[in-house]
Amino acid sequence: MGTPSGLWSIAKKCFTVGLITLTVSDRFASIVPVRGASMSPTFNPKTNTLLGSLSDDYVLVEKFCLIKYKFSHGDVIVFCSPYDHKEKHVKRIVGLPGDWVGTHYDVVKIPEGHCWVEGDNSASSIDSRSFGPVPLGLVNGRATQILWPPHRVGSIDRKVAQNRVSSS
Amino acid sequence: MRQWRSIAKEAVARASIVVKFLCFLHVTDSYLLSFSHVLGPSMLPTLNITGDVVLVEHLSHRTGKVGSGDLVLVRSPLDPRKTLTKRIVAMEDDKVTFSLDPTRNYSSRSLVVPKGHVWIQGDNLYASRDSRHFGPVPYGLIQGKVFLRVSCAILIAFGFVGKIDLRYLYLLELVIEETC
Chain A
1 MGTPSGLWSI AKKCFTVGLI TLTVSDRFAS IVPVRGASMS PTFNPKTNTL
51 LGSLSDDYVL VEKFCLIKYK FSHGDVIVFC SPYDHKEKHV KRIVGLPGDW
101 VGTHYDVVKI PEGHCWVEGD NSASSIDSRS FGPVPLGLVN GRATQILWPP
151 HRVGSIDRKV AQNRVSSS
Chain B
1 MRQWRSIAKE AVARASIVVK FLCFLHVTDS YLLSFSHVLG PSMLPTLNIT
51 GDVVLVEHLS HRTGKVGSGD LVLVRSPLDP RKTLTKRIVA MEDDKVTFSL
101 DPTRNYSSRS LVVPKGHVWI QGDNLYASRD SRHFGPVPYG LIQGKVFLRV
151 SCAILIAFGF VGKIDLRYLY LLELVIEETC
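As they're listed, the protein sequences go chains A and B. Here the first sequence is numbered in the numbering used here, starting from 1 and rising by one per residue. Here the second sequence is numbered in the numbering used here, starting from 1 and rising by one per residue.
There may be inaccurate statements among the hints.
Think about it this way: if two alpha-carbon atoms lie no more than 27 Å apart in a straight line, the pair counts; the simulated BS3-like pairs of lysine-lysine are [said to hold, decoys possible]:
#, chain 1, residue 1, chain 2, residue 2
1, A, 13, B, 65
2, A, 109, B, 115
3, A, 12, B, 9
4, A, 86, B, 115
Which bits of chain A does chain B cover? Going by a derived footprint, with three or more residues having C-beta under 8 Å, they are [unchecked claim]:
#, region
5, 73 to 86
6, 134 to 145
Derived from the structure by calculation, the hints contain no laboratory data. From the three backbone atoms N, C-alpha and C, an ideal C-beta is built for every residue, glycine too.
Model the full assembly from the supplied sequences, consistent with the hints where possible.
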């Protein structure tokens with residue numbers, strides 16, 4: 001017909017595609033860019049300040065783990081920062097509820113419903129050593145695959161630190 | 001051949017309508033309004049011990065408009081699969097004075113709520129496990145704000161008066177059960 005109904009059908013299609021994308025990214029999986037060097041060399045092994053966001057890694061974050069909240073040691077998770085709910089961090093789970101984790105100064109027992117996260121690059125990572133155990137309810141998903149850059153596409157391995165954590 | 005093709009086309013069309021409707025339900029449930037069945041003694045006398053159906057909106061906490069005095073749905077910091085209904089007593093940078101045991105008035109403590117956290121308490125201080133036991137709760141755990149209590153009589157009346165299909169009521173019940 002004329003342009004108004006054409007625009008309306010385009011708007012309807014955009015709305016439907018938006019709804020489906022939102023549902024899929026909330027319930028199944030989403031693609032998330034990783035910024036910063038706190039997870040080197042797993043993500044962003046070379047941070048180039050000139051290129052910056054062009055060389056960011058993109059990872060696939062799956063949401064099926066949020067049904068039962070069952071995580072394993074060494075999983076890489078995306079979670080909301082306890083200090084600012086709008087920021088999201090990507091770190092690795094080092095301790096699960098009931099574990100004793102050794103930091104520089106003392107040994108911490110992780111309470112029920114919380115986990116201990118640390119970045120792979122201990123030197124430049126703000127993680128549970130600064131803000132303590134993170135409630136599992138803040139977790140947004142688990143990163144399973146690297147999707148970009150092409151030469152590092154592959155699944156993300158679980159790395160378990162044997163000497164610092166003792167499970168009960 | 002032609003029959004199979006037309007049957008397949010119709011099946012895909014019907015399936016896509018169902019998929020679109022489910023996506024619409026999910027988005028409304030997570031980002032707009034949802035029903036929730038809350039029970040327990042920790043919010044007496046505001047909410048019933050045997051259970052209440054409440055209407056929860058999910059917009060305020062995303063825009064930061066949740067403040068002290070609001071009834072909120074919060075994911076439990078002790079078990080992420082459970083959702084608690086409590087009242088926000090203090091926001092970040094507020095000072096909170098509380099006593100762990102309300103039957104003995106002399107034991108009270110004060111602290112300042114850290115940045116990005118809230119202090120939640122049940123209205124029934126004698127039978128509530130809340131921030132007095134597990135500490136301040138990160139703002140990111142808030143799921144929604146309770147703003148309306150729905151009585152079952154209203155739900156049934158709405159169904160008859162508005163001539164809503166029984167299937168819609170069944171779906172409503174599914175939504176209620178999912179958020180339990």
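Going through the hints against the structure:
1. Restraint check for residue 13/A and residue 65/B: not satisfied, since their Cα atoms lie roughly 32 Å apart, outside the 27 Å limit.
2. Taking the CA atoms of residue 109/A and residue 115/B, the gap is near 23 Å; set against the 27 Å cutoff, the hint holds.
3. Proximity of residue 12/A to residue 9/B is assessed by CA-CA distance (about 21 Å); at most 27 Å being required, the pair is judged to hold.
4. A distance of roughly 13 Å separates the Cα atoms of residue 86/A and residue 115/B; the hinted pair therefore holds under the 27 Å criterion.
5. Only when three residues or more bring their CB closer than 8 Å to a CB of chain B does the claim for the region 73 to 86 of chain A stand; here the count is 6, and the claim holds.
6. Residues of the region 134 to 145 of chain A with a Cβ under 8 Å from some Cβ of chain B number 5, which satisfies the need for three, so the listed coverage holds.
The earlier numbered hint that this structure contradicts is number 1, and it is the only one.
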